[in-house]
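> The lines below spell out each chain.
There are 2 protein chains.
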Amino acid sequence: MMNSYTDIFLDQIDPLLQRSLQAFLDFRSRPLADRAKLLRAIAAELEDMGDHWLAVANKETHLPEARLKNERARTIFQLESYALACEQGDWMRISIDTALPERNPPRPDLRKMMIPLGPVIVFGASNFPYAYSTAGGDTASAIAAGCSVIVKAHPAHPETSALAAAAIERAVDRTGMPKYIFQHLYGASFEVGKNLVQHPLSAAVGFTGSFKGGKQLFDWANQREKPIPVFAEMGSVNPIFLLPGILQSDALELASKVAASVTLGVGQFCTNPGILVAVQSESLDSFRAHLTDLMEQVPSAPMLHEGIQHAYQSHAAAHRDQPGVSTCVRANELAEGLASPQLTVVDADRFMSNAQLQQEVFGPATLLVVCKDKEQLLAVAQTIEGQLTCSVFGIKEDFIEFQTLLQFLPLRCGRLNYNMVPTGVEVLQSMHHGGPFPATTDARFTAVGSDAILRFVRPVSYQNCPEEWLPTELQSANPLNILRKVNGEWTRIG
Amino acid sequence: MMNSYTDIFLDQIDPLLQRSLQAFLDFRSRPLADRAKLLRAIAAELEDMGDHWLAVANKETHLPEARLKNERARTIFQLESYALACEQGDWMRISIDTALPERNPPRPDLRKMMIPLGPVIVFGASNFPYAYSTAGGDTASAIAAGCSVIVKAHPAHPETSALAAAAIERAVDRTGMPKYIFQHLYGASFEVGKNLVQHPLSAAVGFTGSFKGGKQLFDWANQREKPIPVFAEMGSVNPIFLLPGILQSDALELASKVAASVTLGVGQFCTNPGILVAVQSESLDSFRAHLTDLMEQVPSAPMLHEGIQHAYQSHAAAHRDQPGVSTCVRANELAEGLASPQLTVVDADRFMSNAQLQQEVFGPATLLVVCKDKEQLLAVAQTIEGQLTCSVFGIKEDFIEFQTLLQFLPLRCGRLNYNMVPTGVEVLQSMHHGGPFPATTDARFTAVGSDAILRFVRPVSYQNCPEEWLPTELQSANPLNILRKVNGEWTRIG
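Chains A and B are the protein sequences, given in the same order.
My numbering applies: residue 39 is where the first sequence begins, and numbers increase by one.
My numbering applies: residue 39 is where the second sequence begins, and numbers increase by one.
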């Protein structure tokens, strides 16, 4: 066990992966119900830590208690919803086509299900110390998939992570699961990440963080002799398109929603709206004036750590200094890790010719892009990079007028919001939290909701397998009561 | 249109992709039923070509008429089954969670479905001039997904491909689909492939062929500024494990099945069994003698083209020349593109220490690996690379004795066969035709069966979208009668 917060030695990585593989082989041979049991036990252990875990996370991340309470509830809910997913089993996408011995040539019995990939490497996120760190969504969905997990804790909140790791270890022990199904380590160095991702026994990687970090993991994984999948959630500026009708009818209300979304959690969300796009008009001027007022009133607040604060100040300054950018609200240079909001404005021509303006400024900053007309707004939409989310605000007439935009935006994002800000990610099956590169390295998979399990599995077909050797999930009597596609029809009947 | 068989000029690639994108944008805005209509029209046009298409393919590929008739039937069946998949829509994996306005905070309406990726580049295969070429499975599944398609014809059967392309173009025209939804080109050069895969508008790649070719496409795609998915089906040696009990009870019958599978279609199948693994015994000696007799009796036959024949002869010779390999049946050096079978034998120690013996010999050749005992057979299984298929032949007692092997093999392959040879790939939902690297570049996706559509789509969530702006597939009334998961329950009810 590595329970100090010092970096792992590189020569410890091979034994770590060897143990992880052995635990995986044991775990995957156990009933699906065991995964649910383990996930529920982890949820209970986290709950049992009570206020102590909150106090430690508050000290390490400066996130307020109310936010941490919410995030803890979400983390526990995630674990429980993956447990439920294991009990239901739909995500295994079982398909059975029974033999047709009379056909010429005879058709064999074929049954398909999902199997786990193997040891999964998880890199914890800084901005979700609970929900996307040691006991977060990546760990929970990898366990639901039947994988073993190795978490590299985020160096910004080591003690919060250590408490979560100890809770998971207690749950593993209490439920009698293989000890090394979960392992936890510390390592801020480049070499630790590289050695984990490139170890021959690693089977997949989950990551939430910067574009630079995620892309590096992706490249390492693809340069392996045997490439492995990397699910990296990276930067996103989550553009909001503000259409003319709603600006005219409701500029103040709109400004208030946008200001709240931009500054929520000191802007430290992957779905933070960093770009606003609208056609010039008097209503837009009025919206901009309201937004300026509202953002100026937002008090400065501490960011997660000083590294993030420094990056925010330098990226916010870099945006302000681009040609043609004017500043309505300026991010102050504050001490003690504090940050204040920023609102900048640029015209669409400048925006479209300067890729740097699409770079994420991680923090409470947003850039208003002012278009001459509808056509230019459509042109801006086409230059936007892949995003986790896009949002449109409009009234009925706007949606009729801007149909082309509504048709186009799904091609650029993983979630399209109507008259809602992008912050606030529901943990639901219908949630897709992912998006085209560079928002993530694999737009086909979500990091939120039960489908996140699909990142860590792959299908296998069993052909002509005697009933007694079939995995339980595929047996004709359907002992696990899973909804399966049998000879083309969905049924729970065996 | 490029209807000569000369290579496309590199400066024609950009306009080709631009047209493909425009056609895609048009096609994706049309009803799902239009995809089915187009696919059925293509099937009808192929059927209408009658014997002429057979004669041309026979001349270009040397495949006998009976095989070509079967392959044509399969190609038409594939198109029709993707049409049916579009009519049913299950593969869209629609999930709907309706709003809970009373919740605090209110839960928004969220609906998720699959959308097409964009222009897909398909590289035709040499060994399936119909089923995995111009009008083959990749083209059909990409159209079902709603993508536009650009096919680079395989240079070994240009006229067969040209006829298929013309049939598709007639079907596009007859059904009123956007003209450039399908484009066909020729290009044997390295640069053509690279320019197609690295063009910024290309969205995904389908390929069937050699490891070298597939890996090159994969690397090009990942070196792009925006990486795209590559579905390359590459080499596989499809090991068959022959267990002691069945060898003892049925050595001749077993030898006859294996000989037929190894030499089927002059061994030119991706599921051809190139490795046989068994524990030494008198029964194995007897099996080997039978197999030698049977393979010696198989007449030489023409391979697809001279390039494949030359590769076969040199790879077969390279296998024979490895240390410790003895030759039971030797591939003759024949003229006129002909090939004859080869059977070689090696002991497990030599096999495990020589990775070259795992290289695919594309053609009617197989290598028998003789193990000292059960433990050594398990060790051989662990050294086997990722495969499309693994197969085990055994009686009940064998399966009890070799449980560890049965548990392990799914981790190495996409399909596990019991008492069946790997050749013969059923086109069914339950078929997984894919496997861990290096069998394919993405083990999570199949190239056969309706799930192959999933290669060319990704999920998008619509949040709080007014009913009238929802895609038809997601509308509350469920006008397309798709089975959807609504608030956690599978239903066709709106």
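It should be emphasised that the hints constitute simulated quantities derived from the structure, not laboratory data.
Remember, predicted model here, so these are calculated numbers, not experimental data.
It cannot be assumed that every hint is accurate.
No distinction is drawn between identical chains; accordingly, a pair holds when it is met within one copy or between any pair of copies.
To be verified - Calculated cross-link-like contacts (lysine-lysine; reagent style DSS-like; alpha-carbon spacing at most 30 angstroms):
{"id": "1", "residue 1": "Lys250", "residue 2": "Lys410"}
{"id": "2", "residue 1": "Lys523", "residue 2": "Lys412"}
{"id": "3", "residue 1": "Lys75", "residue 2": "Lys412"}
{"id": "4", "residue 1": "Lys250", "residue 2": "Lys217"}
{"id": "5", "residue 1": "Lys97", "residue 2": "Lys264"}
{"id": "6", "residue 1": "Lys232", "residue 2": "Lys107"}
{"id": "7", "residue 1": "Lys217", "residue 2": "Lys412"}
{"id": "8", "residue 1": "Lys410", "residue 2": "Lys75"}
{"id": "9", "residue 1": "Lys412", "residue 2": "Lys264"}
{"id": "10", "residue 1": "Lys264", "residue 2": "Lys253"}
{"id": "11", "residue 1": "Lys295", "residue 2": "Lys264"}
{"id": "12", "residue 1": "Lys434", "residue 2": "Lys523"}
{"id": "13", "residue 1": "Lys410", "residue 2": "Lys253"}
> Against this structure, judge whether each hint is valid.
The hints, checked one at a time:
For the identical chains of this complex, Lys250 and Lys410 are neighbours neither inside a copy (34 angstroms) nor across copies (51 angstroms), given an alpha-carbon limit of 30 angstroms. Taking the shortest Cα distances, Lys523 and Lys412 never come within 30 angstroms of each other, neither inside one copy (47 angstroms) nor across copies (37 angstroms). Taking identical chains as interchangeable, the C-alpha atoms of Lys75 and Lys412 are never at most 30 angstroms apart, the minima being 54 angstroms within one chain and 35 angstroms between chains. For the homomeric pair Lys250 and Lys217, neither the shortest alpha-carbon distance inside one copy (34 angstroms) nor that between copies (41 angstroms) is at most 30 angstroms.
Taking the shortest Cα distances, Lys97 and Lys264 never come within 30 angstroms of each other, neither inside one copy (42 angstroms) nor across copies (39 angstroms). Taking identical chains as interchangeable, the C-alpha atoms of Lys232 and Lys107 are never at most 30 angstroms apart, the minima being 34 angstroms within one chain and 51 angstroms between chains. Taking the shortest alpha-carbon separations for Lys217 and Lys412, only the inter-copy value of 29 angstroms comes in at or below 30 angstroms, while the best intra-copy value is 60 angstroms. In the homo-oligomer, the alpha carbons of Lys410 and Lys75 never lie at most 30 angstroms apart, since the shortest distance is 58 angstroms inside one protomer and 42 angstroms across protomers.
Taking the shortest alpha-carbon separations for Lys412 and Lys264, only the inter-copy value of 28 angstroms comes in at or below 30 angstroms, while the best intra-copy value is 48 angstroms. For the homomeric pair Lys264 and Lys253, the shortest alpha-carbon distances inside one copy (18 angstroms) and between copies (10 angstroms) are both at most 30 angstroms. In this assembly of identical chains, the alpha carbons of Lys295 and Lys264 never lie at most 30 angstroms apart, being 47 angstroms within a copy and 33 angstroms across copies at closest. Taking the shortest alpha-carbon separations for Lys434 and Lys523, only the inter-copy value of 28 angstroms comes in at or below 30 angstroms, while the best intra-copy value is 41 angstroms.
Taking the shortest Cα distances, Lys410 and Lys253 never come within 30 angstroms of each other, neither inside one copy (35 angstroms) nor across copies (47 angstroms).
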